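Visitor: My request is simple: use the sequences and hints to build the entire structure.
2 protein chains.
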Amino acid sequence: MTHKPLKRYLPILQWAQSYNRQALSGDLLAAVIVTFMLIPQSLAYALLAGLPPEAGLYASIAPILLYAIFGTSRALAVGPVAVVSLMTAVALQAVAEQGSMGYAVAALTLAGLSGVMLLAMGFLKLGFMANFLSHPVIAGFITASGILIAASQIKHILGVDAGGHTLPELVVSLSEHLDQTNLITLGIGVVAMGFLFWVRKGLKPLLRHFGLGPRPADMITKAGPVAAVVVTTVVVWGLGLDAQGVNIVGAVPQGLPPFTLPSFSPDLIRLLILPACLISIIGFVESISVAQTLAAKKRDRIDPDQELIGLGAANIGAAFSGGFPVTGGFSRSVVNFDAGAETAAAGAFTAVGLCIAALALTPLIYFLPVATLSATIIVAVLSLVDFSILKRSWLYSKADFIAVTATILFTLGMGVETGVSVGVVLSIVLHLYRSSRPHIAEVGLVPGTQHFRNINRHKVLTDPSLVTIRIDESLYFANARFLEDYIYDRLASDPAIRNVVFMCSAVNEIDLSALESLEAINQRLQDMGIKLHLSEVKGPVMDRLERTHFLDAMTGQVFLSQYDAWIRLAPVPNEVQMPEVGVSSIN
Amino acid sequence: MTHKPLKRYLPILQWAQSYNRQALSGDLLAAVIVTFMLIPQSLAYALLAGLPPEAGLYASIAPILLYAIFGTSRALAVGPVAVVSLMTAVALQAVAEQGSMGYAVAALTLAGLSGVMLLAMGFLKLGFMANFLSHPVIAGFITASGILIAASQIKHILGVDAGGHTLPELVVSLSEHLDQTNLITLGIGVVAMGFLFWVRKGLKPLLRHFGLGPRPADMITKAGPVAAVVVTTVVVWGLGLDAQGVNIVGAVPQGLPPFTLPSFSPDLIRLLILPACLISIIGFVESISVAQTLAAKKRDRIDPDQELIGLGAANIGAAFSGGFPVTGGFSRSVVNFDAGAETAAAGAFTAVGLCIAALALTPLIYFLPVATLSATIIVAVLSLVDFSILKRSWLYSKADFIAVTATILFTLGMGVETGVSVGVVLSIVLHLYRSSRPHIAEVGLVPGTQHFRNINRHKVLTDPSLVTIRIDESLYFANARFLEDYIYDRLASDPAIRNVVFMCSAVNEIDLSALESLEAINQRLQDMGIKLHLSEVKGPVMDRLERTHFLDAMTGQVFLSQYDAWIRLAPVPNEVQMPEVGVSSIN
Numbered sequence: 000m001t002h003k004p005l006k007r008y009l010p011i012l013q014w015a016q017s018y019n020r021q022a023l024s025g026d027l028l029a030a031v032i033v034t035f036m037l038i039p040q041s042l043a044y045a046l047l048a049g050l051p052p053e054a055g056l057y058a059s060i061a062p063i064l065l066y067a068i069f070g071t072s073r074a075l076a077v078g079p080v081a082v083v084s085l086m087t088a089v090a091l092q093a094v095a096e097q098g099s100m101g102y103a104v105a106a107l108t109l110a111g112l113s114g115v116m117l118l119a120m121g122f123l124k125l126g127f128m129a130n131f132l133s134h135p136v137i138a139g140f141i142t143a144s145g146i147l148i149a150a151s152q153i154k155h156i157l158g159v160d161a162g163g164h165t166l167p168e169l170v171v172s173l174s175e176h177l178d179q180t181n182l183i184t185l186g187i188g189v190v191a192m193g194f195l196f197w198v199r200k201g202l203k204p205l206l207r208h209f210g211l212g213p214r215p216a217d218m219i220t221k222a223g224p225v226a227a228v229v230v231t232t233v234v235v236w237g238l239g240l241d242a243q244g245v246n247i248v249g250a251v252p253q254g255l256p257p258f259t260l261p262s263f264s265p266d267l268i269r270l271l272i273l274p275a276c277l278i279s280i281i282g283f284v285e286s287i288s289v290a291q292t293l294a295a296k297k298r299d300r301i302d303p304d305q306e307l308i309g310l311g312a313a314n315i316g317a318a319f320s321g322g323f324p325v326t327g328g329f330s331r332s333v334v335n336f337d338a339g340a341e342t343a344a345a346g347a348f349t350a351v352g353l354c355i356a357a358l359a360l361t362p363l364i365y366f367l368p369v370a371t372l373s374a375t376i377i378v379a380v381l382s383l384v385d386f387s388i389l390k391r392s393w394l395y396s397k398a399d400f401i402a403v404t405a406t407i408l409f410t411l412g413m414g415v416e417t418g419v420s421v422g423v424v425l426s427i428v429l430h431l432y433r434s435s436r437p438h439i440a441e442v443g444l445v446p447g448t449q450h451f452r453n454i455n456r457h458k459v460l461t462d463p464s465l466v467t468i469r470i471d472e473s474l475y476f477a478n479a480r481f482l483e484d485y486i487y488d489r490l491a492s493d494p495a496i497r498n499v500v501f502m503c504s505a506v507n508e509i510d511l512s513a514l515e516s517l518e519a520i521n522q523r524l525q526d527m528g529i530k531l532h533l534s535e536v537k538g539p540v541m542d543r544l545e546r547t548h549f550l551d552a553m554t555g556q557v558f559l560s561q562y563d564a565w566i567r568l569a570p571v572p573n574e575v576q577m578p579e580v581g582v583s584s585i586n
Numbered sequence: 000m001t002h003k004p005l006k007r008y009l010p011i012l013q014w015a016q017s018y019n020r021q022a023l024s025g026d027l028l029a030a031v032i033v034t035f036m037l038i039p040q041s042l043a044y045a046l047l048a049g050l051p052p053e054a055g056l057y058a059s060i061a062p063i064l065l066y067a068i069f070g071t072s073r074a075l076a077v078g079p080v081a082v083v084s085l086m087t088a089v090a091l092q093a094v095a096e097q098g099s100m101g102y103a104v105a106a107l108t109l110a111g112l113s114g115v116m117l118l119a120m121g122f123l124k125l126g127f128m129a130n131f132l133s134h135p136v137i138a139g140f141i142t143a144s145g146i147l148i149a150a151s152q153i154k155h156i157l158g159v160d161a162g163g164h165t166l167p168e169l170v171v172s173l174s175e176h177l178d179q180t181n182l183i184t185l186g187i188g189v190v191a192m193g194f195l196f197w198v199r200k201g202l203k204p205l206l207r208h209f210g211l212g213p214r215p216a217d218m219i220t221k222a223g224p225v226a227a228v229v230v231t232t233v234v235v236w237g238l239g240l241d242a243q244g245v246n247i248v249g250a251v252p253q254g255l256p257p258f259t260l261p262s263f264s265p266d267l268i269r270l271l272i273l274p275a276c277l278i279s280i281i282g283f284v285e286s287i288s289v290a291q292t293l294a295a296k297k298r299d300r301i302d303p304d305q306e307l308i309g310l311g312a313a314n315i316g317a318a319f320s321g322g323f324p325v326t327g328g329f330s331r332s333v334v335n336f337d338a339g340a341e342t343a344a345a346g347a348f349t350a351v352g353l354c355i356a357a358l359a360l361t362p363l364i365y366f367l368p369v370a371t372l373s374a375t376i377i378v379a380v381l382s383l384v385d386f387s388i389l390k391r392s393w394l395y396s397k398a399d400f401i402a403v404t405a406t407i408l409f410t411l412g413m414g415v416e417t418g419v420s421v422g423v424v425l426s427i428v429l430h431l432y433r434s435s436r437p438h439i440a441e442v443g444l445v446p447g448t449q450h451f452r453n454i455n456r457h458k459v460l461t462d463p464s465l466v467t468i469r470i471d472e473s474l475y476f477a478n479a480r481f482l483e484d485y486i487y488d489r490l491a492s493d494p495a496i497r498n499v500v501f502m503c504s505a506v507n508e509i510d511l512s513a514l515e516s517l518e519a520i521n522q523r524l525q526d527m528g529i530k531l532h533l534s535e536v537k538g539p540v541m542d543r544l545e546r547t548h549f550l551d552a553m554t555g556q557v558f559l560s561q562y563d564a565w566i567r568l569a570p571v572p573n574e575v576q577m578p579e580v581g582v583s584s585i586n
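Here the protein sequences line up with chains A and B, keeping their order. Position 581, counted from 1, in the first sequence is what numbering that gives the first Met the number 0 calls 580; the numbers after and before it change by one each time, with no gaps. Position 44, counted from 1, in the second sequence is what numbering that gives the first Met the number 0 calls 43; the numbers after and before it change by one each time, with no gaps.
Warning: the hint list may mix true and false statements.
A pair counts as met if it fits within one copy or between any two copies, since identical chains are not told apart.
As the list claims (entries may be wrong) - Cross-link-like lysine to any residue pairs, in silico, SDA-like; alpha carbons within 25 Å at most:
{"#": "1", "residue 1": "K124", "residue 2": "P167"}
{"#": "2", "residue 1": "K297", "residue 2": "A216"}
{"#": "3", "residue 1": "K297", "residue 2": "Q16"}
{"#": "4", "residue 1": "K397", "residue 2": "L173"}
{"#": "5", "residue 1": "K200", "residue 2": "G339"}
{"#": "6", "residue 1": "K397", "residue 2": "I427"}
{"#": "7", "residue 1": "K458", "residue 2": "L358"}
{"#": "8", "residue 1": "K397", "residue 2": "S435"}
Keep in mind the hints are simulated off the structure, nothing from the lab. Remember, predicted model here, so these are calculated numbers, not experimental data.
Guide: Encoded structure:
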């Protein structure tokens with residue numbers, strides 16, 4: 000890595016020099032398909048973020064180009080995504096009035112802050128931080144966010160002016176405005192939703208039935224939102240439904256993304272710093288998950304720290320070109336990959352396609368009903384809603400279940416920022432709690448082997464004067480005292496004991512607190528006339544212990560293997576059977 | 000435990016029924032000695048907490064009695080201690096003016112809140128929470144607190160009116176008031192300090208030299224503060240030095256502890272809740288450390304959860320009898336133990352002694368100079384200051400070093416509450432960071448054994464088609480992705496590999512995130528034509544895996560021991576030598 004710093008920071012140099020005609024044709028086809036998919040999506044997510052529709056197009060152009068230069072994934076499609084757009088709306092409504100100039104500037108600032116944070120995390124190699132979002136917490140958060148996003152769009156389907164950022168707020172506000180429902184809007188929204196659901200579930204089997212291959216069938220179904228946009232726009236225009244109270248997108252400026260400046264006001268930055276941090280982490284996690292999944296299919300490797308730099312550049316690009324926070328989107332990246340994108344050039348071509356749309360197509364969407372965009376969002380996010388994680392975690396691990404349940408409930412009840420924070424903190428606390436009460440097993444020799452297992456689970460040989468304790472956790476401050484308590488309790492009940500062996504095969508670290516506990520145990524055992532030994536101490540742990548006086552003070556020995564300890568310390572080693580080749584496994 | 004609930008919650012029932020004359024004489028002697036030691040200490044710590052001197056006596060009476068009923072330690076002496084008194088002063092000065100009625104009520108409220116928290120933690124069995132204060136953080140905190148406490152007392156030695164709660168504040172304030180120094184006060188303070196230091200360092204060898212036994216010599220040196228109090232009081236009274244500007248204790252009410260009520264004001268409680276929480280935890284940690292050390296000497300066991308109840312009762316007692324937060328003190332508990340205290344009755348007798356003092360002795364301390372009390376505090380706390388933890392942690396573990404250094408710097412620079420919070424949070428963050436990048440070793444067979452060790456550290460047998468990875472950490476969300484990255488990198492460079500074994504001897508837990516990573520690894524290895532096996536999976540981990548579909552989907556097997564895996568998977572098992580008895584250990 001270090002000998003080619005430029006290529007490390009500019010992945011484009013890696014693929015550009017071997018670019019050929021075959022890659023070009025794959026990339027061009029993928030770009031055309033993704034462009035058609037991205038136009039309604041980007042308009043819709045701008046709406047979700049509370050911004051004018053053109054912001055969605057702008058947020059898809061410069062960011063895609065910058066990611067193509069700095070990102071490591073060849074298939075990732077960067078732009079506005081549902082969850083980040085919702086988080087953007089939540090963050091912005093705390094600092095500015097929706098529709099005001101301040102709101103748009105705050106969106107640029109949020110993207111800029113997020114970009115700077117992602118870049119900083121990338122240069123500091125902090126990509127591992129994303130790992131503290133556990134899979135169940137992410138799953139719970141995505142599910143709850145999907146519900147929140149869908150609920151937030153119902154007002155556009157009804158054509159009413161409701162609000163709220165949590166499920167209870169949304170439900171109350173919607174029920175208060177239910178009597179103002181515009182029935183024509185509702186009709187358009189419901190039909191569009193029904194059509195889009197049918198496209199997802201029913202169209203593909205139908206196309207296959209008519210002899211289309213699986214990939215073309217898949218591509219056509221992805222064009223469903225475009226069809227819905229075209230048809231509903233034509234209907235509203237033809238029947239003049241905007242005069243009947245149907246909300247339409249209206250005038251969208253025609254042109255390339257403008258050059259914009261985010262605000263550098265310290266007050267605004269202070270208000271946005273925490274949301275920007277959460278958006279960065281959530282966006283990064285979503286993006287890296289997709290990128291790694293797709294890279295794995297082609298045996299590519301993703302560099303998480305370089306991905307941070309790619310996404311950081313993309314967000315800074317959004318800040319200076321009229322956009323809002325962006326990240327790698329799941330569905331469009333999969334489409335890009337399936338359509339045959341070979342390199343990040345596919346993204347660059349998509350950006351060109353969106354530029355054409357911004358220049359030429361915007362007058363055509365004047366009569367596009369907002370309800371259609373909301374229908375697109377609802378159908379897209381409801382596919383994210385998946386409660387199976389609740390059952391799966393309940394069966395496998397109660398701690399994961401608690402974390403995922405709390406994440407879902409807090410996200411729905413208190414909003415996205417609280418929800419994800421509670422999930423992260425709770426999973427860390429539960430992890431610490433479990434590791435503070437480690438599993439400790441007393442072990443004996445499995446007859447006919449050199450292998451030692453739990454005396455409560457296996458038929459093993461033991462010796463009354465020898466207690467072997469296998470500690471199933473690293474020893475650190477949170478569990479150091481637990482070991483002391485355990486060993487004193489064990490010894491108090493048994494006067495025959497002369498030797499204690501701590502089998503350290505699972506001890507990956509002994510911190511200073513734990514070392515002091517070991518010293519105390521050694522001292523106390525010495526007072527009782529019992530020797531303390533260690534076995535199977537790992538290399539790194541042993542290196543550290545050798546820098547202390549503990550090994551000199553220790554009454555017993557350090558054995559390379561537990562079997563060595565048994566041979567030396569068990570008084571009747573001759574009764575132990577010799578191991579035989581071919582011992583069968585337990586499974 | 001559950002079959003004798005009353006004895007569990009009332010440890011007094013355990014020792015009271017076997018109480019005899021021998022225990023009585025030991026307890027009485029210890030009580031007399033501790034009473035003499037506690038009188039100046041309790042006056043001094045009341046001063047440190049910013050309260051009138053009698054509060055120190057009151058805080059030593061009801062709490063001792065209640066602890067004798069509910070506590071499990073037979074030697075712990077409960078009452079005001081230095082660090083908790085300093086934390087009390089910091090907490091109270093944020094809510095009330097020192098010397099006001101509100102200040103004293105806030106002290107009662109703080110004790111009451113702390114008592115309720117300790118009781119709640121005891122009933123909820125949350126004693127393990129104290130384990131999250133690592134030994135180095137405690138050592139750093141105690142050292143820094145000792146410096147802060149000593150610095151806070153210099154104003155009394157100088158006889159000036161300085162203030163501040165951090166070292167920079169104290170230094171600035173003292174230097175501003177240096178010109179107002181009362182030279183007579185300074186003389187008394189310096190002589191008293193010199194005398195007390197000499198008593199600690201020089202008197203005991205002298206007494207031993209004159210033929211006194213070690214224990215009587217020790218007891219007499221502990222009476223040093225009493226001698227300093229008597230002599231300086233007589234000098235001030237005889238020479239009328241109070242008229243020369245020497246601050247004296249003055250009139251102290253004569254009588255038993257009053258019945259007092261803490262405040263139930265929600266505003267006050269909200270302000271004090273965080274300090275009360277920190278005081279509870281710090282007090283508990285200090286107390287349990289002493290209690291366990293002393294119990295270990297007599298092979299007694301301390302029940303941490305019952306200790307919480309004992310200390311909780313003691314603090315609630317303080318709240319209703321004119322005291323302030325208390326805990327088990329280190330030096331007086333050691334004196335109590337050394338003087339021969341057999342049961343908690345020694346504490347009860349100490350309470351009687353303090354009642355007599357409160358009734359009869361208070362007029363005698365009218366002329367006691369405040370500088371003497373401050374000298375007592377300074378000499379006591381400077382013995383707590385010990386920077387050796389810095390060197391020890393530097394040599395052993397950089398993470399511990401960072402935590403202890405931060406604790407010391409933040410305690411000195413930002414105060415006790417910030418200091419201890421930073422220490423706890425930092426040690427948890429560093430622990431998580433380390434466990435998120437686990438040690439992973441590729442292992443091979445140690446010739447002539449069934450034992451497997453790191454190929455980079457030991458001469459071992461390996462096979463080109465078989466890669467065995469020993470994972471030296473539990474697999475959980477923070478490191479799940481790290482394992483994926485590691486294994487994909489390892490396999491990408493080596494096309495000969497046909498079998499991968501994860502040796503799980505150090506894996507104590509596999510959470511749902513890690514299970515999903517294992518599923519992903521299994522799938523990807525299958526695509527590459529490589530089988531995934533597990534070996535030495537622990538009982539509890541195996542139980543959980545069996546509740547999932549992972550074992551069905553896994554391409555390989557689960558082996559009881561790594562040696563079984565080697566026998567089955569290495570193509571040339573015949574070349575492996577048979578183990579011999581008496582393999583020597585590495586140390």
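Visitor: Could you run down the list of hints and mark each one as holding or not?
Guide: Going down the list of hints, with the structure as the test:
Taking the shortest Cα distances, K124 and P167 never come within 25 Å of each other, neither inside one copy (40 Å) nor across copies (35 Å). In the homo-oligomer, the alpha carbons of K297 and A216 lie at most 25 Å apart inside one protomer (23 Å), although the nearest pairing across protomers, at 80 Å, exceeds that limit. Taking identical chains as interchangeable, the C-alpha atoms of K297 and Q16 lie at most 25 Å apart only when both belong to the same chain, with a minimum of 19 Å there against 77 Å between chains. In this homomeric assembly, K397 and L173 never come within 25 Å of each other (Cα to Cα): the closest approach is 36 Å inside a single copy and 56 Å across copies.
For the identical chains of this complex, K200 and G339 are intra-copy neighbours only, at 23 Å inside a copy versus 83 Å across copies, given an alpha-carbon limit of 25 Å. In this assembly of identical chains, K397 and I427 lie within 25 Å of each other by CA distance both inside one copy and across copies; the values are 14 Å within and 22 Å between. Taking the shortest Cα distances, K458 and L358 never come within 25 Å of each other, neither inside one copy (78 Å) nor across copies (69 Å). In this assembly of identical chains, K397 and S435 lie within 25 Å of each other by CA distance both inside one copy and across copies; the values are 17 Å within and 21 Å between.
The structure fails to meet hints 1, 4 and 7 from the earlier list, while all remaining hints are met.
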